[in-house]
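The task is simple: from the sequences and hints, build the whole structure.
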Amino acid sequence: MNIIVLIKQVPDTSEIKIDPETNRLMRAGVPSIINPVDKNAIEAAVQYKEEYGGKVVVLSMGPSQAKKALKESLALGADEAYLVTDRLFGGSDTYATSYILSEAIKKIGDFDIIFAGQQAIDGDTGQTGPSTAQHLGISRLTYVVDVSLEGEDTVIVKREVEEGIEVIASKKPLLCTVTKAINKPRYATIKSILAANQAEIGEITAADLGEIDKNKIGLKGSPTRVKKTFTPDISKNGEIIAADTAEEAAEKLVDKLLAKNVL
Amino acid sequence: MNFEEYKNLWVFIETFQGKPKDVGLELLNEGRRLADLTQERLCAVIIGSDVDESVAKVTAYGVDDVYVVKGKEYENYCSDSYGDAMAKLVRKFKPATILIGATHNGRDLGSKVAVTLQTGLTADCTNLDVDQETENVIWERPAFGGNLYAQILCADSRPQMGTVRAGVFKKGEPDDSRTANVIEVDIHTPQELITTKLREFIKGEEPADLKPAEANIVVAGGRGVGSKENFSIIQKLADELDGAAVGASRAAVDAGWVPHFRQVGQTGTTVTPELYIACGISGAIQHQVGMKDSATIVAINKDPDAPIFEIADYGIVGDLFKVVPELTKAIKELKAAK
Ligand SMILES: Cc1cc2nc3c(=O)[nH]c(=O)nc-3n(C[C@H](O)[C@H](O)[C@H](O)COP(=O)(O)OP(=O)(O)OC[C@H]3O[C@@H](n4cnc5c(N)ncnc54)[C@H](O)[C@@H]3O)c2cc1C
Ligand SMILES: Cc1cc2nc3c(=O)[nH]c(=O)nc-3n(C[C@H](O)[C@H](O)[C@H](O)COP(=O)(O)OP(=O)(O)OC[C@H]3O[C@@H](n4cnc5c(N)ncnc54)[C@H](O)[C@@H]3O)c2cc1C
Numbered sequence: 001m002n003i004i005v006l007i008k009q010v011p012d013t014s015e016i017k018i019d020p021e022t023n024r025l026m027r028a029g030v031p032s033i034i035n036p037v038d039k040n041a042i043e044a045a046v047q048y049k050e051e052y053g054g055k056v057v058v059l060s061m062g063p064s065q066a067k068k069a070l071k072e073s074l075a076l077g078a079d080e081a082y083l084v085t086d087r088l089f090g091g092s093d094t095y096a097t098s099y100i101l102s103e104a105i106k107k108i109g110d111f112d113i114i115f116a117g118q119q120a121i122d123g124d125t126g127q128t129g130p131s132t133a134q135h136l137g138i139s140r141l142t143y144v145v146d147v148s149l150e151g152e153d154t155v156i157v158k159r160e161v162e163e164g165i166e167v168i169a170s171k172k173p174l175l176c177t178v179t180k181a182i183n184k185p186r187y188a189t190i191k192s193i194l195a196a197n198q199a200e201i202g203e204i205t206a207a208d209l210g211e212i213d214k215n216k217i218g219l220k221g222s223p224t225r226v227k228k229t230f231t232p233d234i235s236k237n238g239e240i241i242a243a244d245t246a247e248e249a250a251e252k253l254v255d256k257l258l259a260k261n262v263l
Numbered sequence: 001m002n003f004e005e006y007k008n009l010w011v012f013i014e015t016f017q018g019k020p021k022d023v024g025l026e027l028l029n030e031g032r033r034l035a036d037l038t039q040e041r042l043c044a045v046i047i048g049s050d051v052d053e054s055v056a057k058v059t060a061y062g063v064d065d066v067y068v069v070k071g072k073e074y075e076n077y078c079s080d081s082y083g084d085a086m087a088k089l090v091r092k093f094k095p096a097t098i099l100i101g102a103t104h105n106g107r108d109l110g111s112k113v114a115v116t117l118q119t120g121l122t123a124d125c126t127n128l129d130v131d132q133e134t135e136n137v138i139w140e141r142p143a144f145g146g147n148l149y150a151q152i153l154c155a156d157s158r159p160q161m162g163t164v165r166a167g168v169f170k171k172g173e174p175d176d177s178r179t180a181n182v183i184e185v186d187i188h189t190p191q192e193l194i195t196t197k198l199r200e201f202i203k204g205e206e207p208a209d210l211k212p213a214e215a216n217i218v219v220a221g222g223r224g225v226g227s228k229e230n231f232s233i234i235q236k237l238a239d240e241l242d243g244a245a246v247g248a249s250r251a252a253v254d255a256g257w258v259p260h261f262r263q264v265g266q267t268g269t270t271v272t273p274e275l276y277i278a279c280g281i282s283g284a285i286q287h288q289v290g291m292k293d294s295a296t297i298v299a300i301n302k303d304p305d306a307p308i309f310e311i312a313d314y315g316i317v318g319d320l321f322k323v324v325p326e327l328t329k330a331i332k333e334l335k336a337a338k
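These protein sequence lines are chains A and B, in that order.
Per this note's numbering, the first sequence starts with residue 1, numbered consecutively.
Per this note's numbering, the second sequence starts with residue 1, numbered consecutively.
Derived by calculation from the structure, the hints in this document are not laboratory data.
Since we're looking at a predicted model, the values are computed, not measured.
No incorrect hints appear here.
Where chain A lies over chain B, by a calculated footprint (3+ residues, C-beta under 8 angstroms):
id : segment
1  : 102–110
2  : 146–158
3  : 187–199
4  : 202–214
5  : 281–295
6  : 309–315
Straight-line distance between alpha carbons at most 27 angstroms, and here's what the computed DSS-like set of lysine-lysine pairs gives:
id : chain 1 : residue 1 : chain 2 : residue 2
7  : B       : 338       : A       : 256
8  : B       : 211       : A       : 158
9  : B       : 72        : B       : 57
10 : B       : 211       : A       : 180
11 : B       : 21        : A       : 180
12 : B       : 302       : A       : 252
13 : A       : 49        : A       : 107
14 : A       : 158       : B       : 197
15 : B       : 94        : A       : 227
16 : B       : 302       : A       : 260
17 : A       : 236       : A       : 252
Positions of the beta carbon are idealized from the N, C-alpha and C atoms, including for glycine.
Here's what the structure looks like:
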């Protein structure tokens, strides 16, 4: 049975700088990486395979550069990887992205379980995983920190909510979005990296997804539209409190907070 | 799609063990402002098995209508049952706009319902407005780890849906003399549609005192605090200040010095207290996202170039192990003098 993983290639947002002149994101030279928590999703799938058998198939929708991320996923233990790519898919919001991914998953064939990350560090919505499950009409459990099988058909999942951990039994097939707490991703070995570099990454285009509804993909098929983006200027002309000792600084601060009616 | 049919603004009220979460009450306050702009009704949606307390609470916070779906299958949150109930409600009553708290369950429900209804969902909003001409909500949200903000529209489908971060908007004042039009809707989810079942709930670590999002003052510590034991100096300052809670950066949480519920920032909570005191926190963008809208910000850091000083109203360049105890002492003296 297939174990499917959804990964996204993202710019490393911790490396992103703002151009002080234009106030825009400077993306040039920013490294592209596998969305960090998607490595946990890959690891969860590989561990699931090691425990219960199956084949780990990784899917990513994006431009051809994303093949690099897919090769890396092979080095991390996946068996097959496919790039879902087409000009027609450009500009997709999470509704359209998850629809396209669900059609690609149907093309891959039967599966037991799908793993995705809880959230991508660029778009940051956390919606793609659960939305994909809904397009497929299967169960989904979000913010998962543990997965195991009970008997043949029941998956036991631990899921994080603000108040604690839920232990949930679910029928197969299902989709889990995982958090960093689920595992510690393994490192690729030199051997696995070399093998992955040789591997062919299959492509899935719109034409391969014959049944796909063209009104639900790309910019046209996306119900949300980014109207504008901006970088907020939140810097204040604050005051550095000059003082010779910590005691003096503390007293001056208290006076200022009193004068401002904060205390 | 006939836009004319879709009217009114709904707020989904997430409950935990029969009690409404704060984020829903916060959204009622902001929802009222938006509903007034378009002259629509403000409606709360409550799904659960034991709903009376929540209905009373949202009524006191002020709503026009409360839609209630009651049933055994809604005892705990589950995407299948809640998603089914919500989609049925929307099909029946056709709201123009739905606000949902961006909690774990809220995000889960939002994507389930938006995909079912083939409409757009904007994630994790931190600011809302309405274009009065088109009545489109202008959803504003951070992306790229807070480096970029986007304004998003859902202009061609209804309802327009969004999740909104907790702690961004303030609750209004409750008033028990308020009334609301309570509409109990007979909706049930057939058992065969429910594919997951809660077996057990393991309660997480609970704050003995206030959570950062509930506090008027947050005293937060970062990596500069150095250890779990050292956090006691942060705690002591918070203890001296009325209505103060201890917060932390992710570095302090990841190091295991404080529990996750104290984390402020992109992957923690958003806070907007009257006073935020950042001690030994550099002020990474992911931290700023969660605290920049605090009314007054104080930063204590030994590095004069720390980015936190750029957004601080008052900065003290110095060693927190010296400054924080002095500050605690000065406040103690102030209280004694009062
Ligand atoms: C500034 C900005 C704001 C946006 N806001 C919204 C919004 O509010 N609502 C909306 O619907 N769209 C929004 N979008 C569009 C959205 O970013 C894209 O649809 C994107 O393809 C998926 O969303 P995400 O990056 O949020 O991923 P998330 O939903 O956060 O990703 C979660 C997980 O889903 C999987 N996944 C995500 N993308 C892919 C992929 N391409 N291939 C394979 N697996 C994947 C990964 O496992 C990932 O860890 C926004 C885009 C931008 C640039
Ligand atoms: C996807 C993602 C999500 C994230 N989410 C969050 C989040 O929700 N919240 C969050 O906080 N971070 C988050 N981060 C992490 C963030 O990028 C920073 O790494 C983190 O905020 C740093 O914490 P810090 O300021 O405590 O530590 P550091 O950056 O190491 O800063 C420590 C500071 O303490 C000062 N210092 C040291 N000793 C003393 C002393 N004795 N007296 C005074 N000052 C001293 C130093 O000068 C320094 O400025 C996220 C990162 C990513 C990639």
